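With chain A's structure known, arrange chain B on it following the hints.
Chains A and B are the protein sequences, given in the same order. The working numbering numbers the first residue of the first sequence as 1 and each following residue consecutively. The working numbering numbers the first residue of the second sequence as 1 and each following residue consecutively.
Rather than coming from a laboratory, the hints here were simulated on the basis of the structure. Misleading hints may appear alongside valid ones.
[Stated by the list, open to error] Quick list of in silico lysine to any residue cross-link-like pairs, SDA-like style, CA-CA up to 20 Å: (1) Lys110(A) - Leu49(A); (2) Lys110(A) - Tyr263(B); (3) Lys177(A) - Leu82(A); (4) Lys110(A) - Tyr204(A); (5) Lys124(B) - Ile184(B); (6) Lys124(B) - Leu83(B); (7) Lys110(A) - Arg211(B); (8) Lys124(B) - Val64(B); (9) Lys110(A) - Gly260(B); (10) Lys177(A) - Leu161(A); (11) Lys124(B) - Gly59(B); (12) Lys110(A) - Thr262(B); (13) Lys177(A) - Arg83(A); (14) Lys110(A) - Val259(B); (15) Lys124(B) - Arg167(B).
[What the hints assert, rightly or not] A few chain B residues facing chain A, derived, Cβ under 10 Å: (16) Ala97; (17) Val108; (18) Ser110; (19) Leu112; (20) Gly166; (21) Val277.
From a predicted model like this one, the values you see are computed outputs, not experimental measurements. For every residue, glycine included, the Cβ atom is placed at its ideal position computed from N, Cα and C.
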Amino acid sequence: MDAYLVAVGIILGIYMLMTLGLNLHFGFTGMINFGQVGFFAIGAYTSALLALAGAPMAVAFAGAVLAAALAALPLGLMALRLRIEYLAIATLGFSEIVRVVIVSEEWLTKGVQGLGGIPRLFASLGVGGNAELAYLGLIALANLAAVLIIRRIVASPFGRLIQAVRDDEEALRALGKDPAGYKVRVFMLGAAFAGLAGAFYAHYLTYITPEQFVPLVTFYVWMAMIMGGAGRIPGAVAGTLILVLFLEGSRFLRDFVPGVSEVEMASLRLAAVGLALILFTLYRPQGLFGGYSK
Amino acid sequence: MTLVYYVNLAMNGLLQGLVIALVALAINLVFAVGRFPNAATGDYITVGGYAGIGLQALGVGSPVLQGLGAMLASMAVAIAGYLLVFRRLFGRSMVAALIASIGIAFFVRSVLSFFVGHDPYVFKIPITRAIVVGGVRLIPTDLWLGAAALVCLSIALALLFFTPLGRQMRAVADNPELARASGIRARRVMLTLWVLVGAVCGVAGIVLGIRTVVAPEMGWDVLLPGFAAAILGGVGSPAGAVLAGVVLGIAQEISTPFVGFTYKIALSFVVLMVVLVVRPQGLFGTLERVR
Numbered sequence: 001m002d003a004y005l006v007a008v009g010i011i012l013g014i015y016m017l018m019t020l021g022l023n024l025h026f027g028f029t030g031m032i033n034f035g036q037v038g039f040f041a042i043g044a045y046t047s048a049l050l051a052l053a054g055a056p057m058a059v060a061f062a063g064a065v066l067a068a069a070l071a072a073l074p075l076g077l078m079a080l081r082l083r084i085e086y087l088a089i090a091t092l093g094f095s096e097i098v099r100v101v102i103v104s105e106e107w108l109t110k111g112v113q114g115l116g117g118i119p120r121l122f123a124s125l126g127v128g129g130n131a132e133l134a135y136l137g138l139i140a141l142a143n144l145a146a147v148l149i150i151r152r153i154v155a156s157p158f159g160r161l162i163q164a165v166r167d168d169e170e171a172l173r174a175l176g177k178d179p180a181g182y183k184v185r186v187f188m189l190g191a192a193f194a195g196l197a198g199a200f201y202a203h204y205l206t207y208i209t210p211e212q213f214v215p216l217v218t219f220y221v222w223m224a225m226i227m228g229g230a231g232r233i234p235g236a237v238a239g240t241l242i243l244v245l246f247l248e249g250s251r252f253l254r255d256f257v258p259g260v261s262e263v264e265m266a267s268l269r270l271a272a273v274g275l276a277l278i279l280f281t282l283y284r285p286q287g288l289f290g291g292y293s294k
Numbered sequence: 001m002t003l004v005y006y007v008n009l010a011m012n013g014l015l016q017g018l019v020i021a022l023v024a025l026a027i028n029l030v031f032a033v034g035r036f037p038n039a040a041t042g043d044y045i046t047v048g049g050y051a052g053i054g055l056q057a058l059g060v061g062s063p064v065l066q067g068l069g070a071m072l073a074s075m076a077v078a079i080a081g082y083l084l085v086f087r088r089l090f091g092r093s094m095v096a097a098l099i100a101s102i103g104i105a106f107f108v109r110s111v112l113s114f115f116v117g118h119d120p121y122v123f124k125i126p127i128t129r130a131i132v133v134g135g136v137r138l139i140p141t142d143l144w145l146g147a148a149a150l151v152c153l154s155i156a157l158a159l160l161f162f163t164p165l166g167r168q169m170r171a172v173a174d175n176p177e178l179a180r181a182s183g184i185r186a187r188r189v190m191l192t193l194w195v196l197v198g199a200v201c202g203v204a205g206i207v208l209g210i211r212t213v214v215a216p217e218m219g220w221d222v223l224l225p226g227f228a229a230a231i232l233g234g235v236g237s238p239a240g241a242v243l244a245g246v247v248l249g250i251a252q253e254i255s256t257p258f259v260g261f262t263y264k265i266a267l268s269f270v271v272l273m274v275v276l277v278v279r280p281q282g283l284f285g286t287l288e289r290v291r
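Next comes chain B alone, as it looks inside the complex:
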């Protein structure tokens, strides 16, 4: 019985972990290529959630179409953020981009909360009966959401590792000067980066929104676990960030019976602190030289 209980918790955690993995991937990409921690990541996710709700209000019931809308909306915000703010901060200190990203986070959230208020919205998804396999409850909606997140993660990683654009992006992340010297067009790489980040955030927004509720703070609340996973996985290692996100999600859920509901949020912070002290380069990252 107890084992089944923990397996159920772990299944819940797996889905939450896939969401954190999406957040961590979005953070990691910007960290590696744009070279700053993007605090607006969470609010790009919130935009995706609201875009899905907006489509639902317009009568679009298909979760796939809602997801595509969410991706487009998050991409639009991410690209706007790059063109209007981050592009102009190129060559400035990392601190400038970090503070500006906080500004973008607040601004995006304020626009959303001004027009749609603070009341949470829910996706009208038909309630499905859980499939019970040996005491382990599998909820079909959750399986679909997990599959969607997995597909998104796989496509993003495949783009990074198996396409010329992905290779260029990794080259810029590795050594911007060398990348430029070998004829890689930085601007195109940056635009691709933000398109990819927006798409990942959009999927995270829709999955998180369907799983819980859509509210102005939904993205900000997953930002810290996302940072923790990105750092645990290692900056510059997108696959590591994804793996760390999944591990963190499962660990959070399994810890709930021991530390209580409120303190499970603290777990990501504890992980963050321990990693920063013990192994700042993360599990799979390479130690970056301090410039």
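If we strip away everything but chain A, and leave its shape as in the complex, we get:
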């Protein structure tokens, strides 16, 4: 049971990093990123490939963060010119293309077969037990660091600027501020969080396939952010908690409700995500806890 809780904690930490990143994009800056899973995938594959090639773990993780941030650069630059709905479509397309590339470039990624045997972190502590606990600790630290970074950014003049970008970009321009550079940097930072989450994911599961990086993952993260309330750090944390409880709970539900196949359960999960997105948009746009526009 303890081992199970640790496993859930690790998954929670991975999703929370992605939600914090998305929150930076949408919640604080108003940029619609429908491609968070693309940065997640880039992080996972970069870190896995580097580690498999014999690079030290620190290098693999740093590579994941860097690759995700760099992949976000052209999209961030596009975000400057595009109306937000176009950015939404462009990022959604981006994440689908990342998956197509992973499927196609078999020489590098082994395509649909997936990458196996990805080295674990803390391998010297053995498998399970203490190694998992140490991993959980590291993910918790990463989340703490992410929260501190976001808080620092939000409280800084830079943070007031990005929130002003969200609330009224025209007024900001009128004041002589140029939001361009800020938007790009925020976009890259949020993507970097997803890249880091991807690295944690790859070295935890030790086996990744393109099937794990479908758009549904992006919208799991959106669901977490919207439920918690976009634009608030505690909201992102609470929303992710609800999301993981829901994802894990739906696995248990199957043990209690006989006659529901795994495929049907997947449909029910999809239905729940869809309904959550619809109902929260209709009745509780500020999320369970927060206010979007203060």
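Chain B in isolation, oriented as in the chain A frame:
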């Protein structure tokens, strides 16, 4: 020989392009009149495909009747989506409608996959011998499907440009406040919009279903090419979206020998990116002022 090969690819692409044109038209109409990108478009199409399969299972063999059933089913879902969700989001931000449309997309797909599973279904259409004209293979089924898509596109465009309702719809798209001030009833226009969108999606579903297979992801898979064509054609220009869809379909097929089967899907994304950077208003759209 090579020329014939490319002509054959182009013919294939033309049919695929007509399907993309239907998707793009459905997206474009909502984009222009409802003012949000409707991510549920693909799943309205899937509903149409399954409705056709359902009729086939009930013993209705005529593709025309199956097509009508598909249109009715897609219309019903589109109108339900409007009445239950989008109507209530009127006056809210575009982001709200966009996220809700994603929610509808997932919900519709989950209901379908829950009840009918993930196994693909096929339409039992008798296999016809291709007519070969100078090396160019014309498959009668494909010709019928292409004709059906063309008729649907023509009727939709004719409705938009030659009827009072179409004119009202374009007026709302152009300037909602002015349209309202001149006595156009917004609610009726919106209902007409969703009926039209549903009908177009239904036809797309049946054509796509007969051409390939009917599966829960079929609509989602044509959503991205549809968005690319809608933006390439220009938001607010339905005819441009149709033309762009056809061009994109042909370009996708002709690119296959060069980039391979998997990367042809990426082509629509590349087109999307280039258009967004170079000419965000599309080929035929007018630059909309940012409000």
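Structure-based check of each hint:
Note on Lys110(A) and Leu49(A): the hinted pairing holds, with a Cα-Cα distance of about 11 Å set against a maximum of 20 Å. With a CA separation close to 16 Å, the supplied pair Lys110(A) and Tyr263(B) stays within the 20 Å bound. Distance check on the hinted pair: Lys177(A) and Leu82(A) sit about 19 Å apart at the alpha-carbon level, within 20 Å; holds. In summary, the hint linking Lys110(A) to Tyr204(A) is supported, as the alpha carbons are separated by about 19 Å, within the 20 Å threshold.
Straight-line distance between C-alpha atoms of Lys124(B) and Ile184(B) comes to about 45 Å, which puts the hinted pair past the 20 Å bound. Of the supplied pair hints, the one linking Lys124(B) and Leu83(B) is violated, its CA atoms being roughly 35 Å apart against a limit of 20 Å. Simply put, Lys110(A) and Arg211(B) have alpha-carbon atoms about 31 Å apart, too far for the 20 Å limit, and the pair is violated. Restraint check for Lys124(B) and Val64(B): the C-alpha separation of about 14 Å stays at or below 20 Å, so the hint holds.
At most 20 Å may separate the alpha-carbon atoms for a hinted pair to count; Lys110(A) and Gly260(B) meet this at roughly 17 Å. Simply put, Lys177(A) and Leu161(A) have alpha-carbon atoms about 8 Å apart, close enough for the 20 Å limit, and the pair holds. About 11 Å separates the Cα atoms of Lys124(B) and Gly59(B), which keeps this hinted pair within 20 Å; it holds. Under the criterion of a C-alpha separation no larger than 20 Å, the hint pairing Lys110(A) with Thr262(B) is consistent with the structure, at around 15 Å.
Taking the CA atoms of Lys177(A) and Arg83(A), the gap is about 19 Å. The hint holds against a cut of 20 Å. The straight-line distance between the Cα atoms of Lys110(A) and Val259(B) is roughly 19 Å, inside the 20 Å bound, and the hint therefore holds. Between Lys124(B) and Arg167(B), the direct Cα distance comes to roughly 40 Å. Violation of the 20 Å bound is thereby established for this hinted pair. The beta carbon of Ala97(B) is positioned within 10 Å of a beta carbon in chain A (closest approach about 8 Å), and the interface hint is therefore held.
Interface hint status for Val108(B): upheld, as the beta-carbon distance to the closest one in chain A is roughly 8 Å, under 10 Å. At its closest, the beta carbon of Ser110(B) sits 4 Å from a beta carbon of chain A; the interface hint therefore holds under the 10 Å criterion. A least Cβ separation of about 8 Å between Leu112(B) and chain A falls short of the 10 Å threshold, and the interface hint therefore holds. Interface restraint check for Gly166(B): the shortest CB-CB distance to chain A comes to about 24 Å, outside 10 Å, so the restraint is violated.
Evaluation of the Val277(B) hint against chain A yields a held restraint, the C-beta minimum of about 7 Å falling below 10 Å.
This entry does not satisfy hints 5, 6, 7, 15 and 20, going by the numbered hints stated previously.
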